[in-house]
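J.: Listed below, chain by chain, are the residues.
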Amino acid sequence: MKKLINAPDRVVDEALAGMAAAHSDLIRVEPPNIVVRKDAPRRGKVGVISGGGSGHEPMHGGFVGLGMLDAACPGAVFTSPVPDQMQAATKAVDGGAGVLHIVKNYTGDIMNFDLAAQLAEAEGIQVKSVVIADDVAVKDSLYTAGRRGVGGTVLAEKIVGGCAESGANLDTVTAMCQRVQDNVRSMGMALTSCTLPSVGKPTFDLGDDEMEIGIGIHGEPGRSRMKIATADQIVEMLMTPILEDLPFKSGDRVLAFVNGMGGTPLIELYVVYNAVASMLKGKGITVARNLVGSYITSLDMAGCSISLLKLDDEMTRFWDAPVHTPALRWGL
Amino acid sequence: MKKLINAPDRVVDEALAGMAAAHSDLIRVEPPNIVVRKDAPRRGKVGVISGGGSGHEPMHGGFVGLGMLDAACPGAVFTSPVPDQMQAATKAVDGGAGVLHIVKNYTGDIMNFDLAAQLAEAEGIQVKSVVIADDVAVKDSLYTAGRRGVGGTVLAEKIVGGCAESGANLDTVTAMCQRVQDNVRSMGMALTSCTLPSVGKPTFDLGDDEMEIGIGIHGEPGRSRMKIATADQIVEMLMTPILEDLPFKSGDRVLAFVNGMGGTPLIELYVVYNAVASMLKGKGITVARNLVGSYITSLDMAGCSISLLKLDDEMTRFWDAPVHTPALRWGL
Amino acid sequence: MSFDKSGQLSYDDFAAWIRRYAGVIADNKQYLTDLDAAIGDADHGINMDRGFQAVLPKLDAQTPGDVGAMLKVVGSTLISTVGGASGPLYGTFFLQFGIATAGQSSVGLEQLLKGLDAAISAMQRLGKAEPGDKTLLDALIPARDALRRASEDGEQPAKALSAAVDAADEGMRATIPLVARKGRASYLGDRSAGHQDPGATSVDLLIRAARDQWAG
Amino acid sequence: MSFDKSGQLSYDDFAAWIRRYAGVIADNKQYLTDLDAAIGDADHGINMDRGFQAVLPKLDAQTPGDVGAMLKVVGSTLISTVGGASGPLYGTFFLQFGIATAGQSSVGLEQLLKGLDAAISAMQRLGKAEPGDKTLLDALIPARDALRRASEDGEQPAKALSAAVDAADEGMRATIPLVARKGRASYLGDRSAGHQDPGATSVDLLIRAARDQWAG
Ligand SMILES: Nc1ncnc2c1ncn2[C@@H]1O[C@H](COP(=O)(O)OP(=O)(O)O)[C@@H](O)[C@H]1O
Ligand SMILES: Nc1ncnc2c1ncn2[C@@H]1O[C@H](COP(=O)(O)OP(=O)(O)O)[C@@H](O)[C@H]1O
Ligand SMILES: [Mg+2]
Ligand SMILES: [Mg+2]
Ligand SMILES: [Mg+2]
Ligand SMILES: [Mg+2]
Numbered sequence: 159m160k161k162l163i164n165a166p167d168r169v170v171d172e173a174l175a176g177m178a179a180a181h182s183d184l185i186r187v188e189p190p191n192i193v194v195r196k197d198a199p200r201r202g203k204v205g206v207i208s209g210g211g212s213g214h215e216p217m218h219g220g221f222v223g224l225g226m227l228d229a230a231c232p233g234a235v236f237t238s239p240v241p242d243q244m245q246a247a248t249k250a251v252d253g254g255a256g257v258l259h260i261v262k263n264y265t266g267d268i269m270n271f272d273l274a275a276q277l278a279e280a281e282g283i284q285v286k287s288v289v290i291a292d293d294v295a296v297k298d299s300l301y302t303a304g305r306r307g308v309g310g311t312v313l314a315e316k317i318v319g320g321c322a323e324s325g326a327n328l329d330t331v332t333a334m335c336q337r338v339q340d341n342v343r344s345m346g347m348a349l350t351s352c353t354l355p356s357v358g359k360p361t362f363d364l365g366d367d368e369m370e371i372g373i374g375i376h377g378e379p380g381r382s383r384m385k386i387a388t389a390d391q392i393v394e395m396l397m398t399p400i401l402e403d404l405p406f407k408s409g410d411r412v413l414a415f416v417n418g419m420g421g422t423p424l425i426e427l428y429v430v431y432n433a434v435a436s437m438l439k440g441k442g443i444t445v446a447r448n449l450v451g452s453y454i455t456s457l458d459m460a461g462c463s464i465s466l467l468k469l470d471d472e473m474t475r476f477w478d479a480p481v482h483t484p485a486l487r488w489g490l
Numbered sequence: 159m160k161k162l163i164n165a166p167d168r169v170v171d172e173a174l175a176g177m178a179a180a181h182s183d184l185i186r187v188e189p190p191n192i193v194v195r196k197d198a199p200r201r202g203k204v205g206v207i208s209g210g211g212s213g214h215e216p217m218h219g220g221f222v223g224l225g226m227l228d229a230a231c232p233g234a235v236f237t238s239p240v241p242d243q244m245q246a247a248t249k250a251v252d253g254g255a256g257v258l259h260i261v262k263n264y265t266g267d268i269m270n271f272d273l274a275a276q277l278a279e280a281e282g283i284q285v286k287s288v289v290i291a292d293d294v295a296v297k298d299s300l301y302t303a304g305r306r307g308v309g310g311t312v313l314a315e316k317i318v319g320g321c322a323e324s325g326a327n328l329d330t331v332t333a334m335c336q337r338v339q340d341n342v343r344s345m346g347m348a349l350t351s352c353t354l355p356s357v358g359k360p361t362f363d364l365g366d367d368e369m370e371i372g373i374g375i376h377g378e379p380g381r382s383r384m385k386i387a388t389a390d391q392i393v394e395m396l397m398t399p400i401l402e403d404l405p406f407k408s409g410d411r412v413l414a415f416v417n418g419m420g421g422t423p424l425i426e427l428y429v430v431y432n433a434v435a436s437m438l439k440g441k442g443i444t445v446a447r448n449l450v451g452s453y454i455t456s457l458d459m460a461g462c463s464i465s466l467l468k469l470d471d472e473m474t475r476f477w478d479a480p481v482h483t484p485a486l487r488w489g490l
Numbered sequence: 032m033s034f035d036k037s038g039q040l041s042y043d044d045f046a047a048w049i050r051r052y053a054g055v056i057a058d059n060k061q062y063l064t065d066l067d068a069a070i071g072d073a074d075h076g077i078n079m080d081r082g083f084q085a086v087l088p089k090l091d092a093q094t095p096g097d098v099g100a101m102l103k104v105v106g107s108t109l110i111s112t113v114g115g116a117s118g119p120l121y122g123t124f125f126l127q128f129g130i131a132t133a134g135q136s137s138v139g140l141e142q143l144l145k146g147l148d149a150a151i152s153a154m155q156r157l158g159k160a161e162p163g164d165k166t167l168l169d170a171l172i173p174a175r176d177a178l179r180r181a182s183e184d185g186e187q188p189a190k191a192l193s194a195a196v197d198a199a200d201e202g203m204r205a206t207i208p209l210v211a212r213k214g215r216a217s218y219l220g221d222r223s224a225g226h227q228d229p230g231a232t233s234v235d236l237l238i239r240a241a242r243d244q245w246a247g
Numbered sequence: 032m033s034f035d036k037s038g039q040l041s042y043d044d045f046a047a048w049i050r051r052y053a054g055v056i057a058d059n060k061q062y063l064t065d066l067d068a069a070i071g072d073a074d075h076g077i078n079m080d081r082g083f084q085a086v087l088p089k090l091d092a093q094t095p096g097d098v099g100a101m102l103k104v105v106g107s108t109l110i111s112t113v114g115g116a117s118g119p120l121y122g123t124f125f126l127q128f129g130i131a132t133a134g135q136s137s138v139g140l141e142q143l144l145k146g147l148d149a150a151i152s153a154m155q156r157l158g159k160a161e162p163g164d165k166t167l168l169d170a171l172i173p174a175r176d177a178l179r180r181a182s183e184d185g186e187q188p189a190k191a192l193s194a195a196v197d198a199a200d201e202g203m204r205a206t207i208p209l210v211a212r213k214g215r216a217s218y219l220g221d222r223s224a225g226h227q228d229p230g231a232t233s234v235d236l237l238i239r240a241a242r243d244q245w246a247g
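Protein chains in written order, with the working numbering: chain A, 159 to 490; chain B, 159 to 490; chain C, 32 to 247; chain D, 32 to 247.
These aren't lab readings, by the way, just hints derived from the structure by calculation. Note that the structure is a prediction, hence the values are computed from the model and not measured. Even for Gly, the Cβ is constructed at its ideal location relative to N, Cα and C. Be aware that a few hints might be false.
[Claimed, not checked] Taking beta-carbon pairs under 7 angstroms as the criterion, some of the chain D residues facing chain B (in silico):
no.	residue
1	Ala68
2	Asp74
3	Ile77
4	Asn78
5	Gly114
6	Gly115
7	Ala116
8	Arg212
9	Lys213
10	Gly214
11	Ser217
12	Tyr218
13	Gly220
14	Gly225
Using the sequences plus the hints, can you model the full thing?
T.: So, in C-alpha cells, the structure goes:
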C-alpha cells in the first residue's frame, strides 16, 4: 500500500487536524470528530449538516462554511459516522430554526442519522432529513436499499446551503433539498480500485486493460466490468442512463458536474468534460453551470463520475450564491 | 495504461477544449494553443504569462484570469511549449505596459522562452523574464542547468498576478517575481511513477514498498530511492533541506504549500499538512498563509511536494488580493 | 458448562461471552473484511473490531450484577463507535437485549428468547430488512427459531444452543446464492449472488461464541 | 554516392538526407524515448518525431533549388513544433546551417563545415553547454572535428563522412560515464552516470543518415 499516512487508524484524525490547521478561519473540529462552521450556531438560520464515511474528501468537511454546510460528520474511512456525531453537530449548529440532515442513501448512513435525529428531537431540536439517492447505476426498487447517494450530494449541499443562508425556513430548505434530489442523476466508473488504509490492498482487482462501470464511491463493485474504452465511449456509457432516467430533454438547462475519484488528474477530467459538453450540445441541452474537479472521491481510486442536475431559476440562484468553504469558494 | 483519454496525441487539445468549455467566462483558447484571459489585453496593465509542458494541470492554464496570469502556453505533455506560443501569448496580452514571462527553470523552457522574447521584442513589445528555480532537491551550481522550477511557480504566479493587477509597472512586477523566487524553496517525492499517454507505461519502476525522494514534476528520477516511510518521516525528509536552504528561521512568517502530484487524494494531503504545520510550529515559524491541494501535478503520479515561501507584508497583500481563475478563486 | 442447575446464566457468563466474541472478531477481522470486499466496502471486520475493542474497557469498568445494564452498555458503545450498517444493528441488538433483561442478575433460556425477540424486531424496524434479503437476519432469525424449538421441545440448554449454531450456520451459508436486497450488497444486483453475507457470518460467530462459552 | 565529381551535394541530396532522417527517427522513436526515460522525461523520441513529421510536408511543398532556404524551413519548422530542449537546439542547427548555405544550389565539404561551425556555435550560445556536459554536443562536435580533419587531410567525402560517423559514435558512447551538467539529466547528479545521452544518440543518427544517404 502506498499512501502518505502515518498509521491506518490515525488517517481520519490527522487529516481532520490538518484541515483544521489549514482552514482555521472557516471551520473548527470538535469532539466527537465533527467539523463545524467557525461561527456556528447562527441565530435564526436553519442549520444544514451532512456526514458520511471518510475517504471522500473534500466531501463533506471541505464543504463546511458560509453558504454551504454548517457542520459535517466524518466517519471512519468508508463507514457511516455514529449517531453521537450527528447529534453533536445538530446541537452545535442549531440556531433555533431547526436543522436539516442531508443523508446519502446508504443503509448505515440512514440508520445512524435516524438514531441521531431521534436523539436530537428528544432534546427539542427540530430535525428534517432528505435522502440523496442519485446513482442511476443502481436499479431503484421499493424492495431494495435503493440508489446510492453520490455526486448529486455536492450539488445539493451547495444549493441548499445557499437557500439556508438566504434566511429560508426549515420547510423551505428541506423542500429545496428534495428538489435537487428529484432533479439530479449521476453515474460513475473506475479505472482502478481504491485501497483502504486499514486493508492495505485494493478492494477489487481490475485487469490492466479493464474498467468497472457503474461503480459507487466505496470500492463497491459496479454494474459491469469491461475492456477499457476511450473517454468518449465512457462518457456515452455514463451519460446515456443518466439522460434517460430523469429524462433530460432538449431545451433543458443543466448543471454538468464531472468529478474525479481521487486518483485521476485534472487533465483527464477536462478531456471527459469536453466529451460531456459536446454530447449535451448535440442533444440540445444547455449547460448553464458546470463543475469540474475531484469533489466526492473514493480514496485513491482512478476514475470519474458524471452528474447532471436539471436547473430552474431558483436552484441556479442558490448555486451562484456566495460560498466560502475549504473546497468551494466564490462570490467572496 | 489506464487513462480517461481518447488518444495520446489528442489529450492536450481535448483537455484545452474542455477547459475552454468549462470556463468560457474566464478564458479563451486560441491558436497556436494558448490560454488567454477573456478580457486580454488590458490597456496599461503589465501582462503576465507563463507556460510549460502539459501534464501539470491546473498549472498553468488553470491560473489564467483576473489577478493571476494573462495567458498560459501549454506544450505537449512534459515538453516545453514552442516559441510561437509565447510570442502569440505575449502579443495577445500586451496592453502597452510590457509583458513578464515567468519561466520555470528547464533547459527547454528557458530556450523556447528566450527565442520567443527575441521575436516579441523584435515586434516592439517590452519583455522581461524571471526564472523560477526553487527545487532544493537539485544541487545548485554555476556549471549546471541549476534547480528546477516547481511549486514556487504557483505562488509566484498568484503574487505577481496580484501585483500586476494593482497597476504596478513592468520593473516592479518583475522585481516582485524575483522576490518570490528568492524566498521560496520546494521539494517533492513520489510514491508511484507517472505514465505519459504517449509512452503508455510508467516512466520509472518503483517497488511496491519504495518511494522516490527529490522528484521533479516530469517523472525524472529523484535524489534517492528508499523504502516507503510514514507521512511524518517524509515531511521531515522534505522539510529539512527546504528549511536549511534559505534558511528559514524562528520568527519567520511563511506561506506553506502542500501540493498533490495528481494521483494522491486530498485526505492524504491533509495528513501531510498536519505534519508540516506541527513541524513549523515546533520551530517557531508562523504559517501566515497556506495552500493545500493538487495545483502543480505530474500526470497521475502519486506523491506530494512541499513549498515554503518566506512572506513579507507586500507579498502577503498580493497573495490575499482577489483572484478569479479556473483553479484559484477568492475575493470575488 | 455455564448453565446452573436451574438453567440460568450469570452476569459473568454474559461478560465472558462478550469478551470471547471480542476475541473471535479480532481473529476474524480480516476474514469478515474480505467477505465484505466481495460485495460491500471491505470494512465489516474492521467495524466490528473497532466496536468490540471499545466495548472491552467498558466491560471492565462495569460493576458486575445487572446483566441487562451491562448489555445496554455494550449496545450503546457499539452504536457510538462502530458506525456503518453494523453499528446501529448490533448496537440495537445488545441495547434491546439489555432492556429485555434489565435488572436481572441471571438469565435463563426463556428470557434469552425474549431478549432475542425484542432485539430482532427492533433491528427489523431500523433496517427494514426481511428474511431472505441477504443480511445478518438470515443467520440470526433461524438461530433464534431453532433455540425456541429446542427449548419448547424441552432440550437441555447446551443442546438448544447447538441447534441454534447449526441453524445459524445453515442460514449463513444459505445467504450465498441470494441476491441482496438490503445493504451495500444490493447495489450489485445479481452480481451479489455467489457470496456469503459478511453480517450473517459475524452473527454466526456470535451464536457460536455463546455456545462455546456457555456449553463448550 | 551523392557527391558529384567536384565533391558537391545537390538540393535533392539534402532533401533526401532530411527525409531519411525523418524515417530513422520514426524507427527509433521508442529507443530514444527509452533512453530519455532513464535520465530525462521520456519524450526525446516523441519530440523529434513530432518535429520531423511536421517537416516532411513542408519539404514536399518546397520549390527545389536553394539548399539554404530549405534548411531554414526545416529549422523553423522544428522550432515551431518540437518544443522541449531538442526543439530550439535542432531548430537552431538547421536554421544556422541554412543561413550559412543560403542561396546555394550545391554544397561541398567546405560549406558543410562552415554550416556546422555556425550551427554549433549558435547552439552553444543558446544552450550554454560545453563539451563533456553530456549533451548532444558530445556527438556533434567530435563529428564536425573529424570531418574537418579528414577534409584537411584531403580525404574523399565518403571517407570523411565515415570518419565523422565514427567520431559521433565514439562521442555518443563517451556520454555514458559522464555526469550531466546540462539538461534534465543534470537534476540526477551522479545518478546520471551510466546512461547514454538521448540527444547525443539522435545526433549520431543524424550523422549516420548523412553518411548512409550520401556515401552509402
Ligand atoms: N438493512 C439491513 N438490515 C439488516 N442487516 C443489514 C442491513 N444492511 C446491511 N446489513 C448487514 O450489515 C452488513 C455490513 O456491515 P458493515 O460492512 O459493517 O457496514 P457497511 O455496509 O455500512 O459498510 C451486511 O453484510 C449485512 O449483513
Ligand atoms: N543545454 C543544452 N545544450 C545542448 N544540448 C542539450 C542541452 N540540454 C539538453 N540537451 C540535449 O537535449 C536532450 C533532451 O531532449 P528532449 O528530451 O527532446 O528535451 P527535454 O529535455 O526538454 O525533454 C538531451 O539528451 C541533451 O542531449
Ligand atoms: Mg462501510
Ligand atoms: Mg520534455
Ligand atoms: Mg461494509
Ligand atoms: Mg526529454
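J.: Compare the structure with each hint and give your call.
T.: Verification of the hints:
1. Ala68: 5 angstroms, holds
2. Asp74: 6 angstroms, holds
3. Ile77: 5 angstroms, holds
4. Asn78: Constraint on asparagine 78(D) satisfied, holds at 6 angstroms.
5. Gly114: 4 angstroms, holds
6. Gly115: 4 angstroms, holds
7. Ala116: The hint holds - alanine 116(D) has a Cβ within 7 angstroms of chain B, the shortest such distance being about 4 angstroms.
8. Arg212: Check passed: Cβ of arginine 212(D) comes within 5 angstroms of chain B, closer than 7 angstroms.
9. Lys213: Hint on lysine 213(D): holds, closest Cβ of chain B at ~5 angstroms, below 7 angstroms.
10. Gly214: 5 angstroms, holds
11. Ser217: Holds, because the Cβ-Cβ distance from serine 217(D) to chain B comes to roughly 4 angstroms (cut-off 7 angstroms).
12. Tyr218: With a closest approach of 5 angstroms, the tyrosine 218(D) hint holds.
13. Gly220: 6 angstroms, holds
14. Gly225: Status violated, d = 12 angstroms.
Going through the hint list in order, the structure does not satisfy hint 14, though it satisfies all others.
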